[in-house]
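**Q** Okay, here's what each chain looks like letter by letter:
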Amino acid sequence: MSNLIIETINVTKTYNPGKPNEAIAVKDASLQINEGSLVVLKGPSGSGKTTLLSLIGCQAKPTRGEVIIRGKRISKLPEKFMNRHKRNHIGFIFQHFQLIGGMSVLDNIVLPLIPEGISPKERSKRADRLLERFDLAHRRQFKVSYLSGGEQQRVAIARALINNAGILLADEPSAHLDSRLTSDLLVYINQLKQSGQTILITSHDPIIYQHPAVDQVFEMKDGQVIS
Amino acid sequence: MILHPWVLGLIIGHSALLLVFSLGLINAWQIYRGWDYNSTEEKQFLLEKKTYLVSTVMNFALFTQILMLFLLEIAADELANVLPGAMCAVGTLSSNSYGFPLLDLKILSFFVYFIWLVINYLDNQIETYPLVRKKYLGLILIYPLAVMETILLFMFAFNLDPSVITSCCGSVYNEGAEGLGGSLAGASAGFILPLFFSIVTLQLLNRFVFKRWSTVDKWFGNLLEFPLWIAFFISAIVMTISFISIYVYEMLSHKCPFCFMGAEYYYYGVPLYFCLFVATATGMTGGLLGYIRQPSILREKAGILRKKMEFVSLWGMLAFVVIGFLPFVAYYMKTGRLI
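Protein sequence lines, in the order shown, are assigned to chains A and B. Quick note on this note's numbering: the first sequence kicks off at 1 and runs consecutively. Quick note on this note's numbering: the second sequence kicks off at 228 and runs consecutively.
Some clues are possibly wrong.
Not close to chain B: a few residues of chain A, all C-beta gaps over 10 Å, as computed [to be verified]: (1) Ile9; (2) Lys61; (3) Pro62; (4) Asp205.
To give an idea of the chain B side of the interface with chain A (calculated C-beta under 10 Å), a few residues [claimed, not checked]: (5) His231; (6) Lys270; (7) Ser336.
The calculated DMTMM-like cross-link candidates involving lysine to aspartate or glutamate, where the alpha carbons are at most 25 Å apart (straight line), are [said to hold, decoys possible]: (8) A:Lys72 with B:Glu354; (9) B:Lys276 with A:Glu7; (10) B:Lys361 with A:Glu22; (11) A:Lys72 with B:Glu405; (12) A:Lys61 with B:Glu268; (13) B:Lys277 with A:Asp178; (14) A:Lys19 with B:Glu527; (15) B:Lys528 with A:Glu22; (16) A:Lys27 with B:Glu527; (17) A:Lys27 with B:Glu268; (18) B:Lys277 with A:Glu66; (19) B:Lys270 with A:Asp107; (20) B:Lys276 with A:Glu79; (21) A:Lys27 with A:Glu7; (22) A:Lys72 with B:Asp388; (23) A:Lys80 with B:Glu477; (24) A:Lys80 with B:Glu305; (25) A:Lys61 with B:Asp263.
Keep in mind that the hints were calculated from the coordinates and are not lab data. Cβ atoms here follow ideal geometry from the backbone N, Cα and C, with glycine treated the same way.
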């Protein structure tokens, strides 16, 4: 039996409310995602996918409505508890990876563990496992800016997985990848799904949302979830 | 009015803090009235955002207000140099009728603000803001204290007149003098020492006996804690003036509770008062935390904090006793007799 892991109830996000430049990015969005599933949020550019993903990923708070993750009303949490929840339960792969170019691969990967107070030894141990898994062990001490696009992508995935979060969110992960790297990415994502990870991806790329491993597709238009 | 940097500093500081407090009050009222934790509407989210900001700003404002008590003492001591007749802070504070009421009010505020800061800290430890309405109601209720403090400070500052001869500490804290200072100085050791040690014994009994027994006794212990700490504070002040001071100055006639905070007496009064204020503030707040029952997570957090406060207050009290009686012991060992 599948368990509900992510739920949004009538979530609305308005930027600059009450001002002339007010913009409603997400409007009354409701969706439910089961544990262990691979879900894609598709829609054209500006449809509110990234905003909804950032609300689920504790990157922002909704203007109204509710985001519930693992039964916890995260949209109601004070900021410090929200951040703690984010660190413990959510891994995030950003559109442009957001890696720190001047730091080594290892340092980038272990970054989310530092605020958790995990010892350097344990950090290194966890990172080594991921470096092996994503075939990056030989790049351990390389600066990220010296890596290829595909390697950077794998570093970003490893960083998202380092905190053993059960939920992986990826914002347009194939936007800047060629078709070979996109298919590599899908292999990794499929492996993660097989290992029980819940994955939510925003994408307007048919290669992603038409992939057979995808369990559910939500379509967004003008800030609303239409199907 | 004397255009002294300390006077200007106190006036500007208090005015700025009152302004911050007033803005906090407006927001506190909005939060108090509109708060509905279960709502997922925009208004509630705005209030949740607001409470984070207001609580942070008020934390800073009240902490600074607490520091202002010590700044007032330092300022009063500095101003003694320009007021004829004044030898220390006492001379400045007694130079008009607003000085001592201001100091008394600031001491009261110190404890009230401390309690609010602890409640605020506790509220910020829990995800569901369980104390938010109570703490903002508290903020609304303590606002008049800040207003009164500022008014009294203005009255005090504007009535400082360097052409008027003021009293020195020797005449204010003199057994024969009229007023509270005279009464405090006149308290005999035979009365204040047994009273002080009875209160300390009661505190220890309360801590190690009443509060370790059944629920009824614990309830009784909690009830007793707050007034006991007030009694401890008052008796400690009386004892400091009437007994401790004479062994610090080694003079029967000099009973000033301010002079020994200066360099001449190696800042003896600083650790003494520090221990007294910390012990009393943590002790009385710890007692209040004992009344928190719901929700269970709040009770649990309050319990942890309370244990820490009880620990600090107990050691603070013992440190006060040790520091307070050090001059007495030293004098006795040196001379083999009492004053």
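**Q** Each hint: holds or not?
**A** Cross-check of the supplied hints:
Its closest Cβ contact with chain B, about 7 Å, brings Ile9 (chain A) to no more than 10 Å, contrary to its assignment away from the interface. Separation of Lys61 (chain A) from chain B is inadequate, the least Cβ-Cβ distance of about 6 Å not exceeding the 10 Å criterion. In this structure Pro62 (chain A) is not separated from chain B by more than 10 Å, as the shortest Cβ-Cβ distance comes to only about 7 Å. Against the 10 Å criterion, Asp205 (chain A) stays outside the reach of chain B, whose nearest CB is about 33 Å from its own CB.
Interface restraint check: His231 (chain B) against chain A, minimum CB-CB distance 43 Å, threshold 10 Å, status violated. Restraint check, Lys270 (chain B) versus chain A: the minimum CB separation of about 9 Å is within 10 Å; hint holds. At about 28 Å, the closest approach between the beta carbon of Ser336 (chain B) and any beta carbon in chain A exceeds 10 Å, and the interface hint on this residue is violated. For the given pair, Lys72 (chain A) sits about 11 Å from Glu354 (chain B) by alpha-carbon distance, which is consistent with the 25 Å threshold.
This hinted pair checks out: Lys276 (chain B) and Glu7 (chain A) have alpha carbons roughly 22 Å apart, not beyond 25 Å. Of the supplied pair hints, the one linking Lys361 (chain B) and Glu22 (chain A) is violated, its CA atoms being roughly 34 Å apart against a limit of 25 Å. In summary, the hint linking Lys72 (chain A) to Glu405 (chain B) is not supported, as the alpha carbons are separated by about 65 Å, beyond the 25 Å threshold. As the CA atoms of Lys61 (chain A) and Glu268 (chain B) are separated by approximately 12 Å, the hinted pair is consistent with the 25 Å bound.
Of the supplied pair hints, the one linking Lys277 (chain B) and Asp178 (chain A) is violated, its CA atoms being roughly 45 Å apart against a limit of 25 Å. At roughly 43 Å between alpha-carbon atoms, Lys19 (chain A) and Glu527 (chain B) are farther apart than 25 Å, so this suggested pair is violated. Straight-line distance between C-alpha atoms of Lys528 (chain B) and Glu22 (chain A) comes to about 41 Å, which puts the hinted pair past the 25 Å bound. The hinted pair formed by Lys27 (chain A) and Glu527 (chain B) fails the criterion: a straight-line CA distance of about 39 Å is larger than 25 Å.
A hinted pair counts as satisfied when its Cα atoms are at most 25 Å apart, and Lys27 (chain A) with Glu268 (chain B) qualifies at roughly 13 Å. Restraint check for Lys277 (chain B) and Glu66 (chain A): the C-alpha separation of about 19 Å stays at or below 25 Å, so the hint holds. Restraint check for Lys270 (chain B) and Asp107 (chain A): not satisfied, since their Cα atoms lie roughly 41 Å apart, outside the 25 Å limit. Restraint check for Lys276 (chain B) and Glu79 (chain A): the C-alpha separation of about 9 Å stays at or below 25 Å, so the hint holds.
Note on Lys27 (chain A) and Glu7 (chain A): the hinted pairing holds, with a Cα-Cα distance of about 15 Å set against a maximum of 25 Å. As the CA atoms of Lys72 (chain A) and Asp388 (chain B) are separated by approximately 63 Å, the hinted pair breaks the 25 Å bound. Between Lys80 (chain A) and Glu477 (chain B) the CA atoms are separated by roughly 55 Å; this puts the pair beyond 25 Å, and the hint is violated. A distance of roughly 43 Å separates the Cα atoms of Lys80 (chain A) and Glu305 (chain B); the hinted pair therefore is violated under the 25 Å criterion.
Of the pairs offered as hints, the one joining Lys61 (chain A) and Asp263 (chain B) holds, with about 17 Å between alpha carbons and a cut-off of 25 Å not exceeded.
Comparing the model with each numbered hint stated earlier shows that hints 1, 2, 3, 5, 7, 10, 11, 13, 14, 15, 16, 19, 22, 23 and 24 do not hold.
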